[in-house]
Amino acid sequence: MKLKEICSLLNGCLEGDPDLEIRGVNGVEEAAEGEITFLSHKKYLAALKDSKCTAAILPEGVSLETGKAVISVKNPYLAFAKLLGIFHPPIKETPGVSSQSVVSDSAVLGKDVTIYPLVYVGENAKIGDGTVLFPGVFVGDHSTIGFHGVIHSHVSIYAGMQIGDRVVIHSGAVIGSDGFGFVPDETGKRNKIPQVGKVVLEDDVEIGANTCIDRGTMGETRIRKGVKLDNLIQIAHNCTVGEDSVLAAQVGISGSTSIGKRAMMGGQVGVADHVEMGDDVMIVAQSGVPSDLPGKQIYAGSPTVKRNVWRKTQMALPQLPDLIKKVRAMEKRIEELEKND
Amino acid sequence: MKLKEICSLLNGCLEGDPDLEIRGVNGVEEAAEGEITFLSHKKYLAALKDSKCTAAILPEGVSLETGKAVISVKNPYLAFAKLLGIFHPPIKETPGVSSQSVVSDSAVLGKDVTIYPLVYVGENAKIGDGTVLFPGVFVGDHSTIGFHGVIHSHVSIYAGMQIGDRVVIHSGAVIGSDGFGFVPDETGKRNKIPQVGKVVLEDDVEIGANTCIDRGTMGETRIRKGVKLDNLIQIAHNCTVGEDSVLAAQVGISGSTSIGKRAMMGGQVGVADHVEMGDDVMIVAQSGVPSDLPGKQIYAGSPTVKRNVWRKTQMALPQLPDLIKKVRAMEKRIEELEKND
Amino acid sequence: MKLKEICSLLNGCLEGDPDLEIRGVNGVEEAAEGEITFLSHKKYLAALKDSKCTAAILPEGVSLETGKAVISVKNPYLAFAKLLGIFHPPIKETPGVSSQSVVSDSAVLGKDVTIYPLVYVGENAKIGDGTVLFPGVFVGDHSTIGFHGVIHSHVSIYAGMQIGDRVVIHSGAVIGSDGFGFVPDETGKRNKIPQVGKVVLEDDVEIGANTCIDRGTMGETRIRKGVKLDNLIQIAHNCTVGEDSVLAAQVGISGSTSIGKRAMMGGQVGVADHVEMGDDVMIVAQSGVPSDLPGKQIYAGSPTVKRNVWRKTQMALPQLPDLIKKVRAMEKRIEELEKND
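Residue numbers (my numbering), protein chains in the order written: chain A, 56 to 396; chain B, 56 to 396; chain C, 56 to 396.
Keep in mind that a hint or two might mislead.
One copy or any two copies: either way a pair holds, since identical chains are not told apart in the list.
As the list claims (entries may be wrong) - Lysine-lysine pairs mimicking BS3-like chemistry, simulated, CA-CA at most 27 angstroms apart:
id: 1; residue 1: Lys147; residue 2: Lys247
id: 2; residue 1: Lys247; residue 2: Lys59
id: 3; residue 1: Lys394; residue 2: Lys367
id: 4; residue 1: Lys59; residue 2: Lys351
id: 5; residue 1: Lys380; residue 2: Lys166
id: 6; residue 1: Lys59; residue 2: Lys97
id: 7; residue 1: Lys166; residue 2: Lys147
For the record, the hints were derived by calculation from the structure and aren't laboratory data.
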C-alpha cells in the first residue's frame with residue numbers, strides 16, 4: 056500500500072515521499088524497512104530515530120528530523136490500531152451451518168450466520184445476522200445473540216440470556232451461571248436460593264477467556280455498552296458494569312455491586328457486594344474495595360484509600376520496624392530527662 | 056396462588072386476606088402489586104412500607120402496620136428461597152440419551168438420565184438416576200456421578216473421579232486435573248510427579264463455573280457434604296474442604312490443606328499449603344493464610360491476623376507518614392532538652 | 056516388584072533384604088506393609104520410624120536404625136517421583152482418529168495420533184506423532200502441536216499457534232485469546248487494537264486447567280522450555296516466561312512482561328506490564344510486582360520489597376496502633392519537660 060493511501064485513510068498530514076510502498080505495521084523496535092510504526096509518547100523519540108522503519112505516525116506538532124516519512128495525526132495510537140486492522144483484516148468466515156452441529160428446529164438464525172461443527176443451539180434461541188459460533192459453543196434455550204457477534208470455542212451461554220450486537224466472547228467464558236446464593240438453616244446446612252434472573256450483555260461488549268458472569272438472582276446482571284472485560288474475571292449476580300468500563304484480568308466483583316461509566320480497574324482488584332461507584336473511577340491492581348467510592352478519583356490499597364495516601368503509606372511502611380526501635384530509645388531518654396527534672 | 060396456600064407451604068402465620076391472589080415473588084424495591092416480598096433485617100422496614108408489594112414475609116414478632124398482608128415465619132430469607140423455587144420451578148428435562156452424544160458401551164446409566172448432544176461418557180463410567188449432562192460434558196473412564204446431579208455445559212471430569220448425589224457443577228469447571236507437583240533435578244529441570252489420586256465430591260456439593268479441583272497426588276482431594284464453591288476457585292491436590300463450607304469466587308487453596316466445617320471465605324482469599332483450620336473459621340476477602348488457624352474466629356489480612364487487630368492496624372496505617380515526621384521532630388526536641396539538662 | 060529391582064532402577068544403594076516384594080508407593084503416614092515411602096527432610100525421620108512401610112528411600116548418609124529396608128539415593132524426592140511413575144504408568148492410549156470428530160482434510164496428522172470423539176482440528180493444522188487430543192479439544196487453523204503432547208478435554212487453541220513437543224495442557228485452558236488492548240477515542244469509547252500475533256509454547260511445557268495465555272498483539276507471547284503453569288493463571292499478550300519457571304495457581308502477568316529463568320511464584324501473585332525480571336527470582340504468594348526485579352532474590356509484598364524487609368514490616372504492623380498512642384503520650388511528656396526547662 057502506498058504511503059499516500061495510508062495517510063488518506065488516517066486523515067493525516069504527510070511529510071515525505073507519497074509513493075513509498077509500505078508493506079506492514081510494527082512496533083518501534085521491531086519495525087523493518089518498508090514498515091510503518093507509531094509514536095505514542097515523546098520518551099520513545101530516540102528509539103524511533105534508531106528504528107529501521109520507513110515511516111512513522113506521529114502526534115501533530117512533533118517533528119522527527121530524520122529521513123523517515125511522517126504522517127501526523129491527532130491520536131497516533133488510535134491511527135495505529137486502525138492501520139493494524141487494515142494490514143491484518145479479520146478472517147472472513149464462509150457463512151453456513153455445519154451439519155455436525157445441533158441446532159434446534161425452533162432456533163431462529165439470521166442471514167450469513169456461521170455455525171462451525173460441534174455447536175449446540177437450544178430451543179427458540181436467536182442468532183443475529185453475520186454472527187459466528189466457533190466449535191463447541193453452547194447456546195441455551197431462549198437465549199439471543201445480536202448481529203455480527205463472534206463467539207469463540209467452548210463459550211457457555213445458559214438459557215434465557217440476552218446478548219447485543221457486535222459482542223465478542225472469548226473461549227471458555229461462561230454467561231449465566233447461577234449466582235452464589237445460599238441460606239443457612241438452623242443446622243448450618245446451606246439451602247440454595249433459586250437463581251432465576253438473566254445476564255444482559257449490551258452492544259459492543261468484549262468478554263475475555265474463561266471469564267464468568269453470573270445471572271441475576273432475580274432481575275438481571277447487566278454489562279453496559281462498550282464494556283471490555285479481560286480474562287478470568289468474576290462478575291457476580293445482579294451487578295451492573297457501566298458504559299465503556301475496562302476491567303483487567305482476574306478482577307472479582309461481588310453481588311449487587313454497581314460500577315459507573317468508564318471505570319478502569321487493574322488486575323486482581325476485588326470489590327465487595329452492594330458497593331456503588333461513581334463514574335470515571337480508577338483502581339490500582341490488587342486493590343480491595345469494601346464500600347462505596349465517589350467518582351473521578353484514583354484509588355489503591357486493600358481496603359482502598361486515595362492513591363496518593365496509599366503511595367505515601369507504602370513508602371513509609373518499611374521504616375516502621377526502625378521507628379518502633381527509635382521510639383523505644385526515645386522513651387528511655389525521656390525517662391532519663393524526667394529523673395533529672 | 057392464593058396467599059393461604061403460600062402460608063401453608065411456609066408453615067407461617069397469616070395476617071390479612073387469605074384469598075389474595077399472589078402471582079410472583081420479588082425484592083422489596085422491585086415488587087409490584089400482586090407480588091410477595093420478604094424482610095430479612097429491620098433496617099429495610101421503611102423500604103418495605105413504601106413497597107408496592109401486596110404481601111410480605113416477616114420475622115415472627117415484627118408487625119408492619121400497613122394494609123399489606125403479612126406471613127410471619129422464623130427465617131424469612133429461607134422461606135423466601137423456598138417460595139422462589141415454587142414460583143420458578145427448575146425446568147423439567149425430558150430424560151433420554153442423545154444419539155449425537157458418545158456414550159461408551161460399558162458405561163452404566165441409571166433411570167431417567169438426560170444426556171444432551173455432544174456429551175462424552177467414557178468406559179465404565181456410571182451416571183446415577185435422574186442426572187442431567189448438558190452439551191459438551193466430558194466424563195472420563197471409571198468416573199461415577201450419583202443421583203439427581205446437574206452437570207452443566209463443558210464440565211470436564213477426568214477419569215477415575217467420584218461424585219455424590221445431588222451435585223451441581225457449573226459450566227467449564229474441571230474436576231481432577233493433575234496436581235501441581237514437580238521435582239527439580241540438579242540441572243534445574245522440573246520433573247513431573249505422577250498424579251495418581253482422585254477427587255471426591257460428596258453429596259449436595261455445588262461447584263461454580265470454571266472452578267478447578269486437582270486430583271490427589273496419591274490418595275484424594277475431598278470436598279465434603281454440602282460444600283458450596285463459587286466461580287474460578289482453585290483447590291489444589293490432597294486438600295479437604297469441611298462440611299457446609301462456603302468459599303467465594305477466586306479463592307485459592309494450596310496443596311494438602313485441610314479446612315474445617317462451616318468455613319466461610321470471602322473472594323480472592325489465598326491459603327498456603329499444609330495448613331490446618333478448625334471449624335467455623337471466617338476469613339475476610341483477599342486475606343492470605345500462611346499457617347494453621349484455630350476455629351471459631353474471624354481472620355483478615357495477608358498474612359492473616361484476627362480481624363479486630365487487622366481493622367485497628369488498617370485504620371492506623373494512613374497515619375504512619377505523619378507519625379514518622381512527628382517522631383523526627385520529637386527527637387530534635389529531646390536533643391535540645393538533653394543539651395540543656 | 057522386588058526391592059533389588061527398584062534399587063537398580065533408582066541407581067541407589069540397598070540396605071536390607073533384596074528379595075522383599077514391594078507392591079506400592081505411598082506417603083510416610085499412609086504407607087502400609089509391603090509399600091515403599093521416602094524421606095525428603097530429616098524432620099520427618101520420627102514419622103518414618105513409626106510408618107508401617109516395608110522400605111524407605113533415604114538421602115545418602117542418613118540411617119534409619121529400624122528393621123526397615125533402606126535405599127539410599129542423592130535426591131529421594133526425585134527417586135520417589137520416578138518410582139510413582141513405574142507403579143502407576145500412564146494409561147496407554149489406543150491410537151486412532153474418531154469418526155465422531157471433525158478433522159479438516161488439510162490437517163496433517165503424525166504417526167500414532169489419538170483423536171477422541173468430538174474434537175475439532177482446523178485447516179492446515181499439524182498434530183505430531185503420538186499426541187493425544189481428548190474429547191472437546193479445539194485446534195484452530197494453521198496451529199501446530201509437536202510430538203507426544205497430551206491435550207485434555209475442552210482445551211481451546213486459537214488459529215496460528217505453535218506448540219512444542221511433550222507439552223501437556225489441562226482441561227479448559229485457552230491458548231491464543233486476544234490480548235486486552237483498546238484505545239479510547241475522544242468520546243471515551245474503546246477501540247479494539249487488532250491482535251494479530253501468536254503464542255509459542257516451547258518443549259516440555261505444562262499448562263494448568265483453565266489457564267489463559269493471550270496471543271501477542273504483534274509478534275508473540277512465548278512460554279519457554281520446561282515452564283510449568285498451574286491452574287487459572289493469566290499470561291497477557293507479548294509476555295515471555297523464562298525456562299523452567301514455575302508459577303502457582305491464579306498468578307496474573309500483565310502485557311509485555313519478561314520473566315527470567317527458573318522463576319518461582321506463589322499463588323495469586325500479580326505482575327504489572329512491561330516488567331523485566333532477572334533469573335532465579337522467587338516471589339511470595341499474593342505479592343504484587345510493580346516494576347523491574349533484579350535476579351537471584353526473594354521478594355514479597357504488594358508492592359514487592361525484599362522478603363526479609365517485608366517480614367519485619369509485617370511483624371511490626373500490628374504494633375502500629377499502640378505506637379501511635381505511645382508517641383502521643385511521649386509528646387505530652389516532652390511538652391511537660393520543655394515547660395520546666
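Consistency of the hints with the structure:
In this assembly of identical chains, the alpha carbons of lysine 147 and lysine 247 lie at most 27 angstroms apart only when taken from different copies (18 angstroms versus 45 angstroms within one copy). When the C-alpha separation of lysine 247 and lysine 59 is checked against a cutoff of 27 angstroms, the pair qualifies only between copies, where the shortest distance is 24 angstroms, while the shortest distance within a copy is 64 angstroms. In this assembly of identical chains, the alpha carbons of lysine 394 and lysine 367 never lie at most 27 angstroms apart, being 38 angstroms within a copy and 33 angstroms across copies at closest. In this assembly of identical chains, the alpha carbons of lysine 59 and lysine 351 never lie at most 27 angstroms apart, being 41 angstroms within a copy and 51 angstroms across copies at closest.
For a Cα distance limit of 27 angstroms, the shortest separation of lysine 380 from lysine 166 qualifies neither inside one copy, at 75 angstroms, nor across copies, at 70 angstroms. Within a single copy, lysine 59 and lysine 97 get their C-alpha atoms as close as 24 angstroms, which meets the 27 angstroms cut-off; across copies the closest is 70 angstroms, which misses it. When the C-alpha separation of lysine 166 and lysine 147 is checked against a cutoff of 27 angstroms, the pair qualifies only within one copy, where the shortest distance is 15 angstroms, while the shortest distance between copies is 33 angstroms.
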